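Working from the sequences, and respecting the hints, build out all of it.
For the record, the sequence lines run as chains A and X.
Going by the numbering used here, the residue at position 473 of the first sequence is 473; the numbering climbs one at a time, nothing skipped.
Going by the numbering used here, the residue at position 74 of the second sequence is 749; the numbering climbs one at a time, nothing skipped.
Keep in mind that a hint or two might mislead.
[As the list claims (entries may be wrong)] Capping the alpha-carbon separation at 16 angstroms, the derived lysine to aspartate or glutamate pairs in EDC-like fashion look like this: (1) X:Lys-730 with A:Asp-348; (2) X:Lys-730 with A:Glu-249; (3) A:Lys-429 with X:Glu-719.
[Unchecked claim] Calculated Cβ distances over 12 angstroms to all of chain X for the following chain A residues: (4) Lys-26; (5) Glu-249; (6) Phe-664.
[What the hints assert, rightly or not] Cβ pair distances, simulated, as ranges: (7) A:Thr-25 with X:Gln-748: 34 to 44 angstroms; (8) A:Gln-520 with X:Arg-677: 20 to 30 angstroms; (9) A:Ser-459 with X:Lys-685: 24 to 34 angstroms; (10) X:Lys-685 with A:Asn-237: 21 to 31 angstroms.
By construction, these hints were calculated from the structure, which means they are not laboratory data.
Just so you know, these numbers come straight off a predicted model, no measurement behind them.
Idealized CB from N, CA, C, for every residue including glycine.
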Amino acid sequence: MSDKIEHNEHHPHFENPLDHTADGTKKIVLAGNPNVGKSLFFNYLSGTYVDVSNFPGTTVSITKGYYKNFEVYDTPGVYGVSSFNDEEKVARDIILEADLILNVVNSLHLERDLFLTMQLIDMGKKLAVILNFNDELKKRNIKIDTDELSKLLGVPVFETSAVKKIGFEHLDNAVDQACVGIQPDGLHHLLHEKLNRIGSQAEALLVAEGDEIIAAKHEVECGSGDDREFIYVQRRNRVNEVVSSVEREDSSKGVFFNTLGKYSLVPVTGIPILIFILSVLYVFIGDFVSQRVVTFTEKTMGKKYFEYYLKTYVAEFTPSTITVTLTNQPDSLKRTKEFTFKENLNEDQKVKADYMHVSREEDADVNFKFTNPFMKLLFGEFGVVSMTITYLLFLLLPLVAAFYFSMALLEDSGYLPRLATMLDRTMNKIGLNGRAVIPIMLGFGCVTMATITTRLLGSEREKTIATAILQYVIPCSAQLAVIAVLLSGAGIVPLFIYVAVIFSTLVAISTFLNKFLPGQSTPLLIDLPMMRIPRLDNAFKKTFFRTYGFMKEASVWFFVGALSVGILDVTELLHLFQDILAPVTTHWLKLPKEAATAFVMGVVRRDFGAAGLFHLALNPMQITVALITITLFVPCIAAFIIMIKERGIKEGLIIWFSAWLLAFLIGGVVAQIVI
Amino acid sequence: MRNKTLDTIKKGTSFTIIQLPSGTVKVQLIRLGLSEGDTILCLERLPGGTVILQKHRQEIAVGYELAKLIIVQTTQ
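See below:
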């Protein structure tokens, strides 16, 4: 009966990328709890050809593939179908559209996983259960009576071990035999009225369970919190009954061998483990990727090839002054050559040939100045086209990919939930829970990327605190590299002052926000998965999807940011800015007037701000003050725009303007004391 | 036997859940497999009060603020 209803359902006004698929093609959806191996089954079914797309309005990506005449969808791992966060909403919408569901279940955690199974059965979906990790059961002397389980659930159950590639051959049968399971007696009575109005049992159930979005879609009243609790408790009891009648554990007690997992939780051993992991991350990201890889991609691929050829090409059509400096010569021989083309590059073939020759020297540093303001805007020093593309593809892309890759490895290993747990109490003091450690860590890579990740936090309050911390005190990797170089030249005392001031500011801001922001933060509640060796293919896949998602979402804002600063530059407003800031710079911060340029450039790209300090003759204490000010200063323009998008215009602007205030206030106070 | 809150339970103690706080968090606890009447082991207590629970083969971390709201009874 419910099957018929499923086929009749139609959602014309539901924005869903699943809708634009060909009519009549049936959809198989893989669903399951986190870390149950869904993706291995997905890969087996769909082979190599898959489409990845971002779910509208989220960073959650959906993977779609094809199997025989079916479309196959992978879903984010969830503990149940509801809408507590983005991933759950995405999983919910895909599951609602499913014609049949392959529910992947971790055999070791039947009690946890069968809750979702029961919910899918209650939704009236056609279902087959794939019991994964069958090999682990044998190791632990646990027996699951699959026939009995199948009988109790009313759906076929198949034993598999995805890692060992055992049982994949059952997937064909699973697809063929999937059917509607046994629903509890009272369910239809409970849903009867809603079912008449909504037409789909799955959606009626979610409405009864208090899903406001689905209720609003059908303009019906959604179930109360008590209704949901009632349904959940009943379902939990059914799950427990089923588990107790199908599972036999031969070992006397459920002692679980998870030593490393335990060590990484307890601070005595957990902190050394954390320090070790951070050191490895530093070597990989801080040294290998942000120094070696980025130097190659940004300086060579970006500046030397991409920008050089692009701008030379532009110069063929428009007036320009090109300065070529050969950097690799002894000072006496250092050559700078200036070429001025009043019309374009081709006005004088001799000069052009000379330019081409000099500019192709190994150590040539080529600088283009376009006279036409429009060309300057697009291709000049901060050109919307030239700089943004170099920045996005050759600086940001390798860094973001490296960060996401490291996070994916840590995630897959089961370490991150333990880290979140270990640091939970510390994070509580600043109004966050342990989960916030992930966006904060990502902030050291790219504040823009981290600001997007604050979505995973449980409440608006936590999102505000985490965003503020990221925007005020966390230096992104681009900035960090410049800071490290400047500080290492300044000595040990400046380093100490810098770290102490930044750290105290972090503590002060977060304590302040925690005290004065209304509302309550959500407490930690997190399932600790088994620790295991991370799977590389899985990590690569996640890295690819997330990097792609980030680039897609953030790129346009980098262009918008560059365009606005470009306009400021072309219209001379940038200089006006610098002049206004000059008195503050010289008297209050006790820095040379030119340092103001560095601050203003920091609005564009955080490392520009810090890099601008390189050319100034600063004493160690001035360096300290300048770096403190730059670090606390506003993040780059892309991070600003993403913040506005995530947190709203009012909150975004408050954070942004107070960053100006904070940076000059604290920088100035330090200057008055130490200089 | 007296009712206690979860935050006072010592490491290595088994206990029965008497009452969970109501609302969204209860729903999340039930989904993960913690419901009223269940017998659970306190596997570890971290400095500051975060509690690690074990039910069968599953480990769940519960923050201090949440632990204070869960009423339990020790089973000895």
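Structure-based check of all given hints:
1. X:Lys-730 with A:Asp-348: violated (82 angstroms)
2. X:Lys-730 with A:Glu-249: Distance of about 14 angstroms is within 16 angstroms: holds.
3. A:Lys-429 with X:Glu-719: Given pair Lys-429 (chain A), Glu-719 (chain X) is violated - Cα atoms ~21 angstroms apart, limit 16 angstroms.
4. Lys-26: Non-interface label stands for Lys-26 (chain A): nearest chain X Cβ at 29 angstroms, farther than 12 angstroms.
5. Glu-249: violated (8 angstroms)
6. Phe-664: holds (36 angstroms)
7. A:Thr-25 with X:Gln-748: 34 to 44 angstroms: violated (54 angstroms)
8. A:Gln-520 with X:Arg-677: 20 to 30 angstroms: Given a distance of about 28 angstroms, which is inside 20 to 30 angstroms, the answer is holds.
9. A:Ser-459 with X:Lys-685: 24 to 34 angstroms: Check passed, 31 angstroms falls within 24 to 34 angstroms.
10. X:Lys-685 with A:Asn-237: 21 to 31 angstroms: 29 angstroms Cβ-Cβ, so the 21 to 31 angstroms window holds.
Going down the numbered hints, you'll see the structure goes against 1, 3, 5 and 7, while the others check out.
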